[in-house]
Structure formats: structure tokens, C-alpha cells
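Visitor: Build out the structure end to end from the sequences listed, making use of the hints.
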Amino acid sequence: MINSSSDNVKKLNSINRRMFITGSVKFFIMIGLVSRLFFLQVKENKKYLTLSDKNRIREWKLAPVRGEFHDYFGNVIAGNFEAYQLHIIPEQVEDFRYVIYRIKDLLELSDKEFKRIIKKKNEIKSWETLIVSDNLSWKKFSKINNHLYDLNGVKPVISISRNYPFGSNFTHVIGYVSQANEQDIENNEAIKKNFVPGLKIGKVGLEKSFEKQLIGSNDIERYEVNAYGRRISQLEFQKGEKGKSLRLTVDTKVQQLSNELLKDQAGSICVMDIYTGEVIAMHSSPSFDPNLFVFGISQDDWQIIRNDPMKPLVNKTLQGNYSPGSTIKPIVALSALENGIINTNFTVNCRGHKHPLELYGQTYHCWKKQGHGFMNLRNAMKQSCDTYFYEIARKLGVDRLSETAKKFGLGKEVFGNLFNIEKKGLVPSTQWKKNALGQSWVLGETVITGIGQGYIQTTPIQLCLMTAQIANGGYKIYPKIVMDDENKVPPIDKFTPLYKNSKNIKIVQDAMFASTNEVRGTSYRSRIDDPKYQFAGKTGTAQVKKITERDRELDLKTFQIPYEERDHALYIAYGPYKNPRYAVSILVEHGGNGSTTAAPMAKKLFKTIIDRHQLRESINNKKYLDI
Amino acid sequence: MYQHNRLTTNNFNFFSKLANFDYVLMACILLLGFISLATMYSTDGGKILFHTKSHFTKLIVFTIMMLIFSFINIKFWFSIGYFFYVIIIGLLIWTYLFGIKSSGSQRWIDLYFINLQPSELMKICIILCLAKYFHRMKLENVNSLYAILSSLIIILLPMGLVIVQPDLGTSLLISISGLAVLWFAGINHKYFIYTMIGFLISLPFIISFLKPYQKLRVLTFLNPDRDPLGAGYQIIQSKIAVGSGGIFGKGFLKGTQSYLEFLPEKHTDFIFTLFSEEFGFIGSVFLLLIYAIIIYRIVAIGAQSRSYFAKLFCYSFAASIFVYITINMSMVLGLLPIVGSPLPIMSYGGSSMLATMIGFGIVMSAKVHSQQSIA
Chain Z
1 MINSSSDNVK KLNSINRRMF ITGSVKFFIM IGLVSRLFFL QVKENKKYLT
51 LSDKNRIREW KLAPVRGEFH DYFGNVIAGN FEAYQLHIIP EQVEDFRYVI
101 YRIKDLLELS DKEFKRIIKK KNEIKSWETL IVSDNLSWKK FSKINNHLYD
151 LNGVKPVISI SRNYPFGSNF THVIGYVSQA NEQDIENNEA IKKNFVPGLK
201 IGKVGLEKSF EKQLIGSNDI ERYEVNAYGR RISQLEFQKG EKGKSLRLTV
251 DTKVQQLSNE LLKDQAGSIC VMDIYTGEVI AMHSSPSFDP NLFVFGISQD
301 DWQIIRNDPM KPLVNKTLQG NYSPGSTIKP IVALSALENG IINTNFTVNC
351 RGHKHPLELY GQTYHCWKKQ GHGFMNLRNA MKQSCDTYFY EIARKLGVDR
401 LSETAKKFGL GKEVFGNLFN IEKKGLVPST QWKKNALGQS WVLGETVITG
451 IGQGYIQTTP IQLCLMTAQI ANGGYKIYPK IVMDDENKVP PIDKFTPLYK
501 NSKNIKIVQD AMFASTNEVR GTSYRSRIDD PKYQFAGKTG TAQVKKITER
551 DRELDLKTFQ IPYEERDHAL YIAYGPYKNP RYAVSILVEH GGNGSTTAAP
601 MAKKLFKTII DRHQLRESIN NKKYLDI
Chain Y
1001 MYQHNRLTTN NFNFFSKLAN FDYVLMACIL LLGFISLATM YSTDGGKILF
1051 HTKSHFTKLI VFTIMMLIFS FINIKFWFSI GYFFYVIIIG LLIWTYLFGI
1101 KSSGSQRWID LYFINLQPSE LMKICIILCL AKYFHRMKLE NVNSLYAILS
1151 SLIIILLPMG LVIVQPDLGT SLLISISGLA VLWFAGINHK YFIYTMIGFL
1201 ISLPFIISFL KPYQKLRVLT FLNPDRDPLG AGYQIIQSKI AVGSGGIFGK
1251 GFLKGTQSYL EFLPEKHTDF IFTLFSEEFG FIGSVFLLLI YAIIIYRIVA
1301 IGAQSRSYFA KLFCYSFAAS IFVYITINMS MVLGLLPIVG SPLPIMSYGG
1351 SSMLATMIGF GIVMSAKVHS QQSIA
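Protein chains in written order, with our numbering: chain Z, 1 to 627; chain Y, 1001 to 1375.
Among the hints, erroneous ones may be present.
[Stated by the list, open to error] Straight-line C-alpha distance at most 27 Å; calculated DSSO-like pairs for lysine-lysine:
1. Z:K423 to Z:K407
2. Z:K119 to Z:K140
3. Z:K119 to Z:K192
4. Z:K203 to Z:K412
5. Z:K47 to Y:K1190
6. Y:K1190 to Y:K1047
7. Z:K424 to Z:K476
8. Y:K1190 to Z:K10
9. Z:K10 to Y:K1075
10. Z:K10 to Z:K121
11. Z:K239 to Z:K192
12. Z:K578 to Z:K506
13. Z:K532 to Z:K476
14. Y:K1254 to Z:K43
15. Z:K121 to Z:K61
16. Z:K10 to Y:K1053
17. Z:K412 to Z:K500
18. Z:K412 to Z:K434
19. Z:K26 to Y:K1190
20. Z:K545 to Z:K368
21. Z:K239 to Z:K263
22. Z:K423 to Z:K434
23. Y:K1254 to Z:K46
24. Z:K54 to Y:K1254
[What the hints assert, rightly or not] From the structure, some residues in chain Z lie toward chain Y, with a derived Cβ separation under 8 Å:
25. F38
26. L40
27. L49
28. L51
Hints are computed from structural coordinates only; laboratory data are not their basis.
The C-beta atom is built at its ideal place from N, Cα and C for all residues, glycine as well.
Guide: In C-alpha cells form, the structure reads like this:
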């Protein structure tokens, strides 16, 4: 018992000693734990607090609402509609394969579309938004919403998308929008700032030119999300600003008429207010439906547009460099008058194809086989006698002619840098030829420049501006297509006279009047007698290729010539003749003849334009919204 | 003999037993239970859902069980020490053969009314068994080869059975509980030092035997940013949760990290993270304080106990509880690699709570019968 009790004492001593050691160790470990807690929760609190917020708050940028385009009367010509879309962020989806196959079933995607989506998924980074579908029907959209519970990470999105209610009518004015590509993002700061996957931006036309104003700013949604990226609750919604809507000067009715007139033909129609420079209509035919591009054009549609021989993608009004043909004659005449080369009595004898003008072995024919006989300025304009203009051009010289032509707006962009596609045209001069081609000017080239052939090239919009400036009595105007364009610096030289003697303008105007409204005038058949609509104009027929002797002998009718070799038909006009207000230029590619193809269109145009003049005037006085 | 006679009178009536009750310990356990319930309520997203209900039921049932256990004479617990051990070993073998497989491991057995994890019970059982083994051993015999080898076998057998489940965390906790008893029983401290040195030397070899996911855990622990979305995810998210709690916490039911499911295993091993996020530094220290009081009370009960068995059990149990808490918190706070180790009472899980409550029950019984000596 003593042994046992002494052993017990030893055992108790041992256990108590060890308990004391253990207790001390425990104490220090506890201190360690508390200091670790202190370190994490008090000292490093800020760091972890930010991390936790970053963790739970996700920001979603929504595509900004694009500004609209309105016509002069406030009708929407490029608007917005709600598109139902389906987005996925791959990294936020736990089981991408499952989800994507589920979506495939739900949306009844074809294998081709499905492959396209998978391909797209592999191209993007895992945290970027994958747009599975950008324009779902309401039925499919609601179906997806019903199945959201097992589609973790899938985002149904109601997005605002572009819509062009007038289809192809305005394509060459406003252009179209389509998905932004990397280049667009890099080149434009506004796009970069507001970019969200699937953002549509202007690709051509005014949509592109006014991107900065139109784009607006993103809505920003901040959501609390869980670890799988599923939204738990919305914390904040920061409303973005809708892009600025732009009012254009165009009149939808006139634009639509232009579309109708050039149906199935390649060409261009421009209508312009001769005082304000407002573009009433600007059409290039054929056009295409810009709505096709909004969600990415299909390969088939694209091939159809691309391979159309009439080239719908080319904006003929702005990009088309054409020989002006006889439509240059008013400028040639004006230049000759201004420079005192001729007076109204100056006469040239046109003796037909048997006795053409001969210069250094080259012959220059008038269009009329039999010849016009003795021609003064008025008659020569009226009947578009080439021989007369050969002669005055020869006397005038190309440099003086080009000076006048440039004054009236040829040879430079009409809209400045508004459209980056716009071409300058070409007004030749001796200096130009030396610089560009390194050759001396030849007199024969002057002669053909006098009838708008040779080097000289103009765009239809330039011809329209030229006509407008003749019609308004020879004053400089600046064409515009956007009302209240804040970017544009108001020009200082607006309405400065372009003439030396205003009488000369009157003479040319009178000659153009004769051309349309007097017997034997080239566009006499398209005249309107009613003084309300009466207009003055000048036809033009621009050769596409040189007329050979053989052609002259054959003297084929237009329909007998292959399409590509037919002449371009042109017509410039302004009206009403008394108190003129509008200028028109018409071009029909390979239309054959200005007086038979282009001039009749002007007749229909003027009817509508002048009928709508009253309405156009009243809109500025009161809010009058009607089409 | 006289003393013996006087003190072995079993004429304790119910009320005198009740008077001997350790009310501080009882209060702490109940407080802990209440906190765990509230936290569980928070993990359910502020609703009374499955986890809260289940935890509540277990808490009630096991607390009542603990109270019943505390009225049972400490002699009884001494007597069933080996038997209990054999039963649990049997259950572990049963688990190995017929256990329920879930997520790559086989740790559970289906007892119809409850799915039991015998390895958790082993944590308490091994203390009971070894305490009995060393109870009557003379101090000079304790360091004999025979005693050391047989006690090591007692530890290694369940360890091996748990490792094959595989469950490295629990098997380590079992061995630590066992070693705690060996330490208090008076095994020469040299052996512990030698073992430690040996363990450190063999560590690289042990690591080469680890399963790939276990290796990954060790590597991730050393540098959680190595793979932030994969293996390091748990540690990083847990640290973010705790760290963002601040001094006063985000408030009850307002812990974003856990509420938004950034936390893995938030009901079980990472329950402290959620608590700490919502109640901050103050709450965490308060929780630690409760645990400290519990441990202190257990040690105090051990010190008061007359029987060596009760002393050994209480000291070892206190040390084990302390180790569980330390390991769990260190893991959550990014101080240790992730090993599956629940926080006593706080964590969801019936077996773990059952084991802890059995322990508390025996401790309480030691308190109630503190003057009971065991022959």
C-alpha cells in the first residue's frame, strides 16, 4: 500500500507537471490564434474587405441605346427595337457542355449554328461574353427564361437594336450598323469606352460619321453574385444616356420617289435646296437592306450583294466619278462669258458628221449627224450642240474653264470630311496634267473637256451643287444633310458671289430654260408647262468608251449595245423656273441618253418636290409631324 | 482503508449529484450550442432549413444524452474502456467492408436511423481505452517496451483503419488524442522528441506516399496563390471571409462571402469562417474564450478528480479538444494545410458532436463522482 501510494504520488506529480507544460503550450497557441485573427481582421481588414467586394460585386455593362435618325419632318428613318438575346460568360458556367446542349435543345439550334457557337466560344477568352443568339423570338426567349433554374451562368438580355423602317431607301445616306470589330474599337475612342460584346456601330454613311454622338453611354448594372456567377440581387443601376438623335434634311417622300425612279437601274439622284444647301434626297441605286447587317449578314445575302453587277455597295452619289458629259456645258458657257471670250451673239456653224472639227489630224464630232447649222449660245445650250462648245472651249482654254468649274464646286468634296468615302472628282488643268501625268496639255483635250469628256470627272452630288449655285444666281452655298450639326463650323464665305457679272448667270439660266421648255430643247419632252412646277435643266450623255468610226457608221440604238458599253444618262435641273428653290441631278448608269432616260425622272421629281415645298416651309414654323 | 470506506459510499442521491454538477461547463456548452445553432441558421441563408433543424435535433438529443451520462458513475466508464474500443474497431472494420461511399471515400455506416462515422467516435474512445490501460500501471512500467508497444498498437490499429477510408485528417486527430494520453501517462519525453525528429526526417518520404490531392493541399498551403481557382480557392476565400469581417463583423446573416456560396464546406469544417465573417474579431475572440473556459473547466475537473483514470481522461480530452480547435482554426485562418477536421459542437455533423458530447458526459461524470476512486 505504501509502495502503491508512493507510486501514486509519483504518478500524480508526473501528470501534474506535464499538465502544467501542456497548459502553458495551450496558452501560447491560443495567443497565436488570437493574434492571427487580429492580423486578418483588424490589420489586413481593408485588403480583405476589397477582395470580398470584388468577389461579390459584378458589373454588367449593357449596350448603349443608339441615337436615332429622323428625317426633316421627324419621321424615324433609323430607330431602335428591343431584341431578345442570350449571353453566356463561359467562366461563370460550371458545366459548359451541359448548358450549351440544353440551350441547343431549347432553341432548336441547327448543327451548323451550334458549331458556329462552339467555334466562337473557343475564340473568345473565358471571361468574355459569348452571344449565343442575338435576335430571339419572344417565344424562345420566354422558354429560356422558364428554364433558367438549370442554366447557371446564362444571361437572357433584352437589348436595344438598330432598325431601319424604310429598308433600303436610305442606305446610302445613313449607312448601316453592324458588330464592332477589333479595328473599330481601336480606332474610335467612343467605341472603346462604351464597348460591350455585341455592340453595333456604324460601318458606313452617317452612322459612321456621327458615331460619337450616336453611340450614347452604357447602362451599368451592379449585381451581387455568388461563387458561380449567378446574380443574387441588383445593387445599383446606373442609367446610361441614349445617344443623340440626329435630324436630317432629307424628305422621306422624295427619297422614296428617288428609289422608285431608279428601280432596277444603277444610278443616282440628288435633290438640294439651292439656298440652304439642304439635301432633300440623296439616293444611289441599287441599294440594299441595311437591316441585314445589324445581326451580321448571312453569307448568301452577302454574296448576292457583293456580286451584283450594278454594285449596290458603291455609293454612286458620292463615290462615283463620272464624266459629266453635256451637263458641264452651263459651266463652260458661263466661264466663256465671264472671261469675255464670247457674247450671246457669238455664232458657230455646226455642219454635221461630214465636216467635223479638225485639230492636228483629230476629228471632233457633234452628236447630231446632220449638224445644227448656225448656233448662238442659247441655241447651242438648248440643243446641246457639241461643235459650238468645242469652239468656245478651244478659245477659253482649260485653265480658265477649270477655275470656274472649281468655283462652282467641282473637283472637291461637297460634304468636306463628313463622308470618308466621298470622291473629289477631277477638274483637269495644264498644271494638273504636268504634275499627275508628267505630260503637256494638248489642245484636243481642252476641246473634249468642253463637252464634259476626257479627264474631267464629277460626282453626281457635285453636279447637283453646281446646278444649285447656278440656280440661286451664282452664290456659294454649303450643302448639308444633318440639321444642327454641332461639329460643323459655320462657313464664312456662304452666299459670296461666284460670278463676275450676274448677267452671265442669267444668260446661262435662260439657256437652260430653253433646253427644257422650248421646241427642239433636248429635254423638251420632259417639260412641265405649269409655271408652278416649270423647271430648267440640261441633259447629258457621257460616253463610257471612245466612239470609233465603226460605231458611228453602225449608229446602234441603246438597247443594241452591251450594257457595260452604253452611255451614262445625266440630267441636271432646277425649279421652279420663276423663284427657283430646288436643284436636281440625276445619273443613270448606262442609261443610254440623258434626254430620254434621265430627264423624264426630273419631271416626276419636281412634281413631288414642289408639292411638298409648302409643307417643308411650314415645319419650321410649327410642329407638323406627318409624312 | 478508513478513507476508502468513507469515500466509496455510493449513497449519492440524485440531488447531491446535481449539486456536484459543473454549472460553468454546462453553461458554456449550452452557450456554444446556441451559437452553433445561430450560425447554422445563417448558413441556411437566414431560414430554418435542413441543416438548422437537423443540428438542433442533434444538439437536444446529445445534450440530454450527456446529462444522462454524467449521472453514470465514473467507474462504469472505466469498466467499459476496452469494450468500447473493441466495438468501435469492429465498426471501423464494418465501415471498411460495407461503408457508404461518398465523394471518393468510405467513412460512413448506415445504422438506419443515423449515418454514423465511427472514426469520429474513435477520437474519444481511444482516450478512454488508453486511460484505462495506464490507470493502474506503475510509473516505472510506463516506459517499458511492452507498455509502449502495446499502446502504440492501440493507436496504430484505428489509425490504419481510418487512413484506408481514406481520411488522413481524422486519423491524425485520433493519433494526437492517443499521444496526448501517452504524454500525460508519463512516457519519457525523449521518445516524443525522437519521434518528432524521426517524423521530420521522414516527412519527404511520407509526402511521396500521399495521394495527389493531399500533396496538392500541402503545396497549396505553402502558397495559396499558386492556383487561386483550384486548390488554393478554399484557403483564399476563407481568408477573405475572415479578413473582411473586421473588428465588429458584417452582422448576423450579412456575411456575403458565405451567403453567396464562396465558402466551401461552410456547414462543417469552415463554420468558423462564417461565424468570424459575421461577428468579426470580437465575436471570434469571444468564441475562443468560451472554448478556453471549457478546456479550463475540463482540466480543473481532472485536477479535482481523485482517480488517476479520471485525471488522465480529463487532461487528455482537454488536450484533444484543444488540438481539434487549433487545427480547425489554423486551417481556416491559413496557418495549416486543409485537413478535414471539424470544430467541436460548432460544425455540422452528428458523429463528431456525439463523440464530443460523450466526452463531455464522461468529464461531467468525473466531476459528479470526483471523489470516486477506482481500484
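Visitor: Keeping to a limit of 27 Å between CA atoms, is the pair of K1190 of chain Y and K1047 of chain Y held or broken?
Guide: Violated: K1190 of chain Y and K1047 of chain Y sit about 53 Å apart, past 27 Å.
Visitor: At a threshold of 8 Å, is the proposed contact between F38 of chain Z and chain Y supported by beta-carbon distances?
Guide: At about 6 Å, which falls below the 8 Å cut-off, the nearest Cβ of chain Y leaves the hint on F38 of chain Z intact, so it holds.
Visitor: Run the distance test for K424 of chain Z versus K476 of chain Z: straight-line Cα separation, threshold 27 Å.
Guide: Holds, at roughly 18 Å.
Visitor: Can you confirm whether the C-alpha distance between K10 of chain Z and K121 of chain Z stays at or below 27 Å?
Guide: violated, 75 Å
Visitor: Within 27 Å, alpha carbon to alpha carbon, are K239 of chain Z and K263 of chain Z?
Guide: Between K239 of chain Z and K263 of chain Z the Cα gap is close to 44 Å, so the pair fails against 27 Å, i.e. violated.
Visitor: Answer holds if the nearest beta-carbon of chain Y is closer than 8 Å to that of L49 of chain Z; otherwise answer violated.
Guide: With a closest approach of 5 Å, the L49 of chain Z hint holds.
Visitor: So if I understand the rule, the pair passes when the alpha-carbon distance is 27 Å or less; does K412 of chain Z with K500 of chain Z pass?
Guide: holds, 22 Å
Visitor: Does the structure keep K578 of chain Z and K506 of chain Z at a Cα separation of 27 Å or less?
Guide: Given that 27 Å is the threshold and the Cα spacing comes to 12 Å, the pair holds.
Visitor: K423 of chain Z and K434 of chain Z were given as a pair; does the straight-line alpha-carbon distance stay at or below 27 Å?
Guide: Answer holds: K423 of chain Z to K434 of chain Z is near 21 Å, not above 27 Å.
Visitor: For the pair supplied as a hint, K1254 of chain Y and K46 of chain Z, is the alpha-carbon distance within the 27 Å limit?
Guide: holds, 17 Å
Visitor: Hey, does the L51 of chain Z contact hint survive, CB to chain Y under 8 Å?
Guide: Nearest chain Y Cβ about 5 Å off; hint holds.
Visitor: If you take the shortest Cβ to Cβ gap from L40 of chain Z to chain Y, is it below 8 Å?
Guide: holds, 4 Å
Violated hints, listed in ascending order, are 5, 6, 10, 16 and 21; each of the other numbered hints is respected by the structure.
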